[in-house]
Amino acid sequence: MVKPVIVEELVKKYRMKRGEVKALNGISFSVEKGEVFGIIGPDGAGKTSLFRILNTLLLADQGRATVNGYDTVGEYKKIRQCIGYMPGRFSLYQDLSVRENLEFFAAIFNADIQENYLLIKDIYTQIEPFRDRRAGQLSGGMKQKLALCCALIHQPEILFLDEPTTGVDAVSRKEFWEMLHRLKERGITILVSTSYMDEAGLCDRVALLQKGNILSIDTPEGIRGRFGKAVWAVRASEMFRLLNELKGDPSVESCYPFGQYHHVVLKAPLAGETDLRGIMDRERYAEAEVRPISPTIEDCFMALMKE
Amino acid sequence: MVITARDLTKRFGAFVAVDAISFEVRKGEIFGFLGANGAGKTTAMRMLCGLSLPSSGQATVAGYDVYRQTEQIKRSIGYMSQKFSLYEDLTVRENIRFYAGIYQLSDARIREKTAKLLQQLHMEEQEKSLVRSLPLGWKQKLAFAIAIVHDPAIVFLDEPTGGVDPMMRKEFWSTIYEASDRGITIFVTTHYMDEAEYCHRVSIMVDGRIEALDSPGRLMKRYAAGSMDDVFLQLARKASRTGA
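Protein sequence lines, in the order shown, are assigned to chains E and A. Quick note: the first sequence, position 296, residue 1303 per our numbering, numbers continuous. Quick note: the second sequence, position 14, residue 25 per our numbering, numbers continuous.
Just chain E, same shape as in the assembly:
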């Protein structure tokens, strides 16, 4: 069976006034059928260039890619029939109503709304009370649901979602991921990008992308499992002083602020809680707390960035 997405040595460069910028630096990966595959990386990592190449909207400079077995250059028309694409920027018609947008996208794909309604029912019923409202007047969460309906109305086999959760509140974000998992159960393959590391755990497999290079591809557990060093969560009453203290300590390999705690990795493999408590006692920190934690995807991403 052909894999839904195969990417081989893709290179994309942009010519700027001051030389060239490499958006994609010869990346390769493939996506399995029915998988939720995450492209995790910050702004400028190359996520949108990759999506646009796979969606046949942009030509690569080198390498090749296939979607559903079709070549992104030679067979672009066939690809456009079998994919759904939700771009990062809201791209529906702001001055058409909810209902009109859906009808418009169904019409250009020659799809019948009634016939395909089952696929979007869960999502569409949430925005149906506002079906006569112009799309431009919807909240971020509602716009996102409408965009997803429009991307699904022709029953695509593969769904491409470019940063669907950027700027969306935590409740809508959670609901959105629940919708994606229901679509996966219907057999749709999903390629989704995000700059939020905590969303990696919601994917079956992820590629960590940074400056056009893939740092790692694996299941979220696999990536975390390969971190290979103990991580300590540390806090005390003076967090800023503690951060600088630990960063400057010769026994510390890295120390980063992580919300309520700082995450610390020590140089010596056997060093641990006693050593950290030693530093904090010596420097008289009040309310010192040290505990071992398993590394997050963000810990892994930063360690890989440094390599």
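There may be inaccurate statements among the hints.
Straight-line Cα separation of at most 27 Å, DSSO-like style, residue types lysine-lysine; simulated pairs [said to hold, decoys possible]:
(1) Lys1085/E - Lys1020/E
(2) Lys1181/E - Lys249/A
(3) Lys249/A - Lys1128/E
(4) Lys150/A - Lys1254/E
(5) Lys1020/E - Lys1084/E
(6) Lys124/A - Lys139/A
(7) Lys1020/E - Lys139/A
(8) Lys1029/E - Lys139/A
(9) Lys1191/E - Lys1040/E
(10) Lys150/A - Lys1218/E
(11) Lys127/A - Lys1254/E
(12) Lys232/A - Lys1181/E
(13) Lys1024/E - Lys139/A
(14) Lys1218/E - Lys139/A
(15) Lys150/A - Lys1020/E
Just a sample of chain A residues kept apart from chain E, beta carbon distances all over 12 Å, derived [stated by the list, open to error]:
(16) Ala31
(17) Asp118
(18) Ile121
(19) Arg122
(20) Glu123
(21) Ala223
If you want the footprint, here are the derived chain A segments under chain E, 3+ residues with CB under 8 Å [what the hints assert, rightly or not]:
(22) 175-185
(23) 195-208
(24) 235-248
Hint data in this document are derived by calculation from the structure and do not stem from the laboratory. Only a predicted model underlies this, so the values are computations on that prediction, with no experimental measurement involved. Beta carbons are placed, not taken as given, at the ideal position from N, Cα and C, and that holds for glycine.
Here the structure of chain E is known, so what remains is to put chain A in place on it, guided by the hints.
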């Protein structure tokens, strides 16, 4: 106290956007102001910035009254948002000069501040680059430095760090800790609960009211939650207003 709000309320006709909120923010505190879309965060923040008059209730910001002293408030606060902060068509130096000028710093003070700021940010070589050409992480650090160029009592950060790489985000939060350490109060709104966990205290708004206010650690304990995300979802799902 840098902010005191007592029963602060804003009505638009029959709709109560902000419904009698009361809270205080201490000097040097990093205060997270959370809420789902439509909960009333932006309306509340506009009142605190002196951009919108309350319907009832009291509030002071940096000691100034939100009804009568809005001009003084505007001079005493800094503001930075991910959506709008710097002029992309101006250079780094021009942006600093522009904002410092708006806040009426003297020419001598602007020269001194510019030199200091470029050095602290390690951006001496980029001073003549257009802001448009800078990486996003640098823009954010520059935007924050400019937002506090006039040494405000408090700086409002409206969803400050979306999209940058984790290393840059960590650096950004280190800068915020540093400012807080120097006594600058930080008022942050964000959708991202991992950012909320950097705050000393957070408030969570639901349907115009403050439903919870405490340190992230104590909130997680009270709601038996493993993360601020869980706390937020438990509270925000009670909302009856839809974000439509």
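(request) Would you list, in rising numerical order, the hints stated earlier that this structure does not obey? (result) Of the numbered hints given earlier, the structure breaks none, since each of them holds.
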